[in-house]
Amino acid sequence: MQFALMIYHTPEEFDMRKGDYSDPHLGAWRAYYKALVEAGVYVGADALEVPETGTTVRLREGKRRVQDGPYADTKEQLAGFIILELPSVDAALEWAARCPGASLGAVEVRPLAKEALRQGFTG
Amino acid sequence: MNGINQEDTRRTVERIARESYGRLVAYLSVHTHDLASAEDALSEALVSALNHWPQDGVPQNPEAWLMTAARRSLIDVIRHQRVVQASEPTVKLLKEDCVETVTGTQFPEERLKLLFVCAHPAIDPGMHTPLMLQTVLGLDAARIAHAFLIAPKTMGQRLFRAKTKIRSGGIPFEIPEEHDLPERLDAVLEAIYAAFGIGWDDMVGADQRGRNLAEEALWLARVLLQLMPGEPEVQGLLALMLHCEARRPARRAPDGRYIPLSEQDPEQWSLPLLEEAERHIAEAFKQGRAGRFQLEAAVQSVHAGRARSGRTDWAAIALFYGRLIHISGALGTRVGYAAAVAEANGPEAGFAALELIDQCDVSDYQPYWAVRAHLLHRLGKTRDAADAYDRAIGLAEDPAVRTFLLQKRG
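If you're matching them up, the sequences are chains A and B in order.
Numbering-wise, my numbering comes out as the position in the first sequence, counting from 1, plus 248.
Numbering-wise, my numbering comes out as the position in the second sequence, counting from 1, plus 186.
Some, not all, of what chain B presents toward chain A, calculated at C-beta under 7 angstroms: (1) L335; (2) S549; (3) D550; (4) D576; (5) R577; (6) I579; (7) G580; (8) L581; (9) E583; (10) P585; (11) R588; (12) L592.
Here are the in silico distance ranges between beta carbons for each label pair: (13) B:A572 / A:R312: 43 to 53 angstroms; (14) A:R312 / B:D441: 48 to 58 angstroms; (15) B:E193 / A:E309: 56 to 66 angstroms; (16) A:T304 / B:S354: 44 to 54 angstroms.
DSS-like mimics (lysine-lysine), calculated; alpha carbons at most 25 angstroms apart, straight line: (17) A:K362 / B:K339; (18) B:K594 / B:K567; (19) B:K594 / A:K266.
Quick caveat, the hints were computed from the structure, so don't treat them as lab data.
Ideal placement from N, C-alpha and C gives every residue a C-beta, glycine not left out.
Given only the sequences and the hints, what does the whole structure look like? Please build it.
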């Protein structure tokens, strides 16, 4: 069963990404990634740029609406995601608790949609 | 009614609820096997107490008052279920007891049966502890869910399913026969220890819930010892938890930094808790039936010895772990054994013991990687140590432990 761990950062956490390679914050993330891979549960992951770089597009009554910034105007913003292959949501929550992002911001755990729905999307 | 009186009453109800909850639920469900209804009836009685006691004063025997109120609402519920034939004897029984309580007779203690029901082999082992926390201590599903890292709604559903199984699955409300007792008791002890372990791992910063859960586990162990006086494994478990609890103040520096056991200042250990632990373990071992919890307590007892002698007798710890491995090959025991051997006989010997553990079992077991990193570091294998440190850091949940390991890794 595949789960997405969606990582939400506070503005302070986005700032912490600016550290160099020896930064302990980045060290914690590197170690977490390694633990995921070595445990054989890692499927994929990526990080997003800071929310201010986002642009949100809507089409309403045939008109384009373009907005600076992210979709939702909240303090904690989506910073990245990890896809994991795990036997249960219990295991997914365990990995979410170990995620360095959980101790400052938040980590949302959600199962990927059922295979049939995903195939409906991708053909 | 004035506010102070209301507040006093609320506190009285809370205190009585804590003292009596499990006793009342156990007694109310022992005939019906229906835990959910017993809990509902009791919570109605508690609400009713909050409404009546500020005006009428707290009754002389509050527990009997609650029992009578709860029983009335339980009888109503059973009547509504209209399972007349099955429930009529129960109603009769409840009514008869009603008279006794009013005349001041104590109702029988049924909590031991309830503990054995909660840890029955027919119930998912993962639910033993949550069931106990709810039915014996009255914790709500949301709080239990936090501690167990499960969504509150899911925890509610799992508790409901477990109770349905108890009600309709023919799980007996009785104290197991002698030949079953050791195994069944072990499940009860495991469940209490699991609650303590969660509270222990979870003592992160300002969050108080972990500390409270450890206290609840100690409470359960004391209740169990009261119900089974002199049972050496129960005393062993209590001693083990008291030893760990005694060290709680020493586990963190004032700035929140994590301090490992070997670097803790024994001056900060709680002496009364240590002495209580030592008393229990001495009594338990006198019976000559050493079991898993007594041996684990013995390990902690040796660690505590540092407060007197200034040194840790690692050979003794390795010996106790060696005996533990024969009883249960749990991962924690084998890692603990390797760590003790390393201290007693050097890192090579310790590393050799660690290498005997199957790699498949440890992919997400944090303590293994922490010990492995430490031993590789002592053996001068810096690069391998850094790899192991990474695994330990990546698997750590407590930010203080993560920071500690990041510094060690360098």
